[in-house]
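2 protein chains.
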Amino acid sequence: MQQRMKHWGWGFEDKPETPPLVVRNVESYFSSLFGIREFKPVPIPDLNEAIIGAPRLNVPHRFSGFCTTDKIERIRHAVGRSFLDYATIYSNRYDYAPDVVAFVRSEEDIQEIYNWAVQVRAAVIPFGGGTSTSGGVEPIVGPDFAGVIAVDMRRFNRILETDHVSQSARMQAGATGNEIEAALKTNGYSLRHYPQSLQHSTLGGWIATRSAGHFATLFTRIDDYVQNMRVVTPAGVIETRRMPPDGAGPDPDRLFMGSEGGLGIITEAWMRIQKRPRFRASIAVFFDDFLKGCEAIRVIAQSGLNPSNLRIIDAEEARVNHVSARNQSILFLGFESADHAVVGQMDRALEICADHGGQFDREVLGHPDSNRQAEQGRWRDIFVETGYYREVTTPRNIIYGIMETSITWDKFPTVYNSVMSAVQAAIKEATGRPGSLSCRFSYVYPDGPAPYWSFYCLGSRDEMKQQWKHVKTAATNEFLKHGGSVTHHTSIGRDNMLWYEKQTDPLFRKSLAATRKVFDPAGIMNPGVIYPSTR
Amino acid sequence: MQQRMKHWGWGFEDKPETPPLVVRNVESYFSSLFGIREFKPVPIPDLNEAIIGAPRLNVPHRFSGFCTTDKIERIRHAVGRSFLDYATIYSNRYDYAPDVVAFVRSEEDIQEIYNWAVQVRAAVIPFGGGTSTSGGVEPIVGPDFAGVIAVDMRRFNRILETDHVSQSARMQAGATGNEIEAALKTNGYSLRHYPQSLQHSTLGGWIATRSAGHFATLFTRIDDYVQNMRVVTPAGVIETRRMPPDGAGPDPDRLFMGSEGGLGIITEAWMRIQKRPRFRASIAVFFDDFLKGCEAIRVIAQSGLNPSNLRIIDAEEARVNHVSARNQSILFLGFESADHAVVGQMDRALEICADHGGQFDREVLGHPDSNRQAEQGRWRDIFVETGYYREVTTPRNIIYGIMETSITWDKFPTVYNSVMSAVQAAIKEATGRPGSLSCRFSYVYPDGPAPYWSFYCLGSRDEMKQQWKHVKTAATNEFLKHGGSVTHHTSIGRDNMLWYEKQTDPLFRKSLAATRKVFDPAGIMNPGVIYPSTR
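Chains as they are written, first to last, in our numbering: chain G, 2 to 536; chain E, 2 to 536.
Source of the hints: derived by calculation from the structure; they are not laboratory data.
Just so it is clear, the structure is predicted and the values come from calculations on it, not from any experiment.
Just so you know, even glycine gets a beta-carbon here, dropped at the ideal spot from N, CA and C.
Hints are supplied without guarantee of correctness; some may be wrong.
[Unchecked claim] To list a few chain G residues with every Cβ distance to chain E over 12 Å, as calculated:
1) N398
2) T409
3) K511
[Claimed, not checked] Straight-line Cα separation of at most 30 Å, DSS-like style, residue types lysine-lysine; simulated pairs:
4) K276/G - K511/E
5) K412/E - K186/G
6) K511/E - K511/G
7) K503/E - K186/G
8) K511/G - K518/E
9) K518/E - K518/G
10) K511/E - K503/G
11) K518/E - K412/E
12) K518/G - K503/E
13) K429/E - K503/E
[What the hints assert, rightly or not] Sample of chain E residues facing chain G (criterion: CB under 7 Å; computed from the structure):
14) P253
15) G259
16) I403
17) S407
18) K466
19) V519
20) A523
One chain only, chain G, in its complex shape (with noise of 0.2 Å):
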């Protein structure tokens, strides 16, 4: 049996507790912010105790080999890992849950579980890792439908096939990265990609919502990596060509990449891997400003060196997360290898990291695990367990939020002052107090980042919900505004659904719908995320 993830929060039900580290940097960051004495501790939801409607669909009888409405399973599909997720979660009250939920075992599963659903009039949410942060796997699909079957990928696990000469491997699409990871490894090969889900997430939702990974330049983005797939449609399987990058008409790999389960169930792909680095060089560089430091990164983001980390943290996301304390932002800088040893890129980084007043400590550069050392040790230690954090917050109260956009260089300083005063203002609007606002890059491109914001503020029980909306709307407002993106690369689910649609041309937006109607006549994929109803 494979592990599962623990209902109430993050990581495995079979290794519940939450780690202290995390624990610790919140409750000792908190409660000098928001002037709380002492976090009690807090009960985890009981699920016998939670409430939810009864099952509104009966699973035929042909059916009971893979399908259950088991109330507690019918709870683990309702929610992924949003903001609003963990609300619901603590609130141990799920309004919109699936009826039933099909663990398939087979392409032909899913495509019975499609007719069915046509029959029923009932919507049909792919769920993976179930850790989407958008509202990806929320069952609210209006009232145009009957009831919601999640098909739950799990047993879609396996690595099916390596091909050493391309270096490339078959994968099915409910492989969670852990389980990807571990396969590969035994062949000297990774996948490398590392969203922070890695433990949970599963290769179909990377590819289906256009996830991100370990690269913070070049090749960042799960759609790099696909050579091909293989998507059951309500219309049909299709299997797209496997070839390196070809140039024949529009790519119909492209279709999927960023649909969101609203066109049909990736099943397996073939994807590029690579050998294990065998050289690493990694080092931290101190900014007394924040921007300066961002324009160090743009100048090697312009350079051709194609670092494989080059991200900054500002000085409240080094401090929230104990990380330093020296009220500097810090520049994460480093080159990896299978090939070749990187100390020339390195060095030549390091020179334009100087010309820009960054400063370093070149010693660490002689330790074989550079990448785990001081600062860069406690921010990779600390990144990895960030999907920890809100079963912490949450019941604390504590609103933690996340807003990402990709923009171009030349718009970034408005951008980054007008978001950075506007989340304050409405951090104080919606809970009456400041909260803590920090900003790093998470990725960069030569013609511009896509800055990450996280925010953290105190709001009530009964209000958090409305509270975040209030924030992240001040955010994406400011994006929109500027020329950014609703995301980077946390997707659209239903969360954003409201500026995805602004985003977007109404031309475009047509197009979206008439593509649905070829692969889901009858509109029952996802409903409420990406495609315009077609209904």
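Here the structure of chain G is known, so what remains is to put chain E in place on it, guided by the hints.
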């Protein structure tokens, strides 16, 4: 007034001579191969004597400022520069020609043309540089249309804006490669997109056909340099958002990349540009065995060294083009950077070459213009003149055809061998004697190369088109059989449609039709290319 392309070949009218290098190569090599004692001078087809039907459309008075039915203009817009086009040019008989040529001055002109076309049931064919090598502008549109209007984009040829911070520029889509590079050079920038057609082909044509340029690895295709675009479609104008890569839903730009004029006309785009390189190193590496050289390329392509040049030509390609008489394959390896020295990468790549039996003379690396020396210089010189070959070969009844694909490394040796023997056999079947067949790599990726074959055979004036088709079919069938693409970067056009239909999934083609219906409800745009008919 802008320079115009020679109607009977390549290059500009005001400098009409074929480069002597090309004439010498063709005559010396093929006279011995085909046993022809002397090639006679060939007269230039006289356009006044060309056979062409009367125009079937009358230009409305309000369009007289920019539309014409002039015979010479109609002929100039009747062909691209594919082999079939050259055969037409030298037959001096145009069975298919646009009835009207519209030299549009504004987006409003384009929209007016669309409205008129719908009214009179005419097809609209966008015309950039007229360099299509696959029948992209050839006005064979079927019996559903009462006429054809070619929309010439030459008046959209300006660079409108440069953003030095984000290193990007807004350009009009009718600008040619020469015009773009000349304008960018004044600020020290380059698009670094150098297809063989650079002097004639246009930005809009590149994007619509997913053209590939200078870089052999990494970001090879124009796709990677597009920040946004503006497209005038019959359903209205659509402008995508100008941003670095983002992940909000399916990428709208991807609708138009590869659309080959079937959805509308691209009028402008923000493009990522770059500083011109200051550091360069370039060398030729010789291999006794072509496939051994390919293997070295595979290892370099998977090393993360990302050279700007990583191409190989086989001994026959070297012979035909008078690059070398060593009877060896030649791997061209180059690195370039605007920021840093490239010595380290070159050293490592040469180490890999040596491991695979590559022979080279490092001395050339001491030369500041190493890319212009010896074999490299000769290949570079002839490469940019290749466009002139067909004006020498075609009137001499020599069929010069090309085929290219994209294929994973595991399948490449099989495809290579099967294409080599199938094409040699097909040449003999079609023409009764052997021809010349050579292979090179045009682009390479970690998971596979884009191999490119050139063939020359002696046809007969009246059967050339059929003979060409017989050979092309033999190769393309092998591509399809083994899982390759019909094209890597020379587009589908009309010449490849038969195979494109075999390559693509019927469900995907249904979605193409649905997309077409949104942007071009009357189905007037470049009918017969990419999109299934929606009329």
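Cut-off 7 Å, beta-carbon criterion: hint that G259/E touches chain G: 4 Å, holds
Given S407/E as an interface hint, is the shortest Cβ-Cβ distance to chain G below 7 Å? Since the shortest Cβ distance to chain G is 4 Å, the answer is holds.
Does K412/E sit within 30 Å of K518/E, going by the straight-line distance between their CA atoms? Since the Cα atoms of K518/E and K412/E sit roughly 37 Å apart, the hinted pair is violated (cutoff 30 Å).
Within 30 Å, alpha carbon to alpha carbon, are K412/E and K186/G? 24 Å, holds
For the restraint on K466/E, tell me whether the closest CB of chain G is nearer than 7 Å. 23 Å, violated
Just to be careful: measuring from the Cβ of I403/E to every Cβ in chain G, is the smallest value less than 7 Å? At 14 Å from the nearest chain G Cβ, I403/E fails the 7 Å test, so the hint is violated.
Taking the minimum C-beta separation from K511/G to chain E, is that value above 12 Å? 5 Å, violated
K518/G and K503/E: Cα distance at most 30 Å? 23 Å, holds
Is the straight-line distance between the alpha-carbon of K511/E and that of K511/G 30 Å or less? 16 Å, holds
For the pair we were handed, K276/G and K511/E, check the Cα-Cα distance against 30 Å. 39 Å, violated
Restraint status (C-alpha distance of K511/E to K503/G at most 30 Å): 28 Å, holds
Claimed clearance of chain E by N398/G, with the beta carbon kept past 12 Å: 31 Å, holds
When the structure is compared with the earlier hints, violations turn up for hints 2, 3, 4, 7, 11, 16, 18, 20 and for no others.
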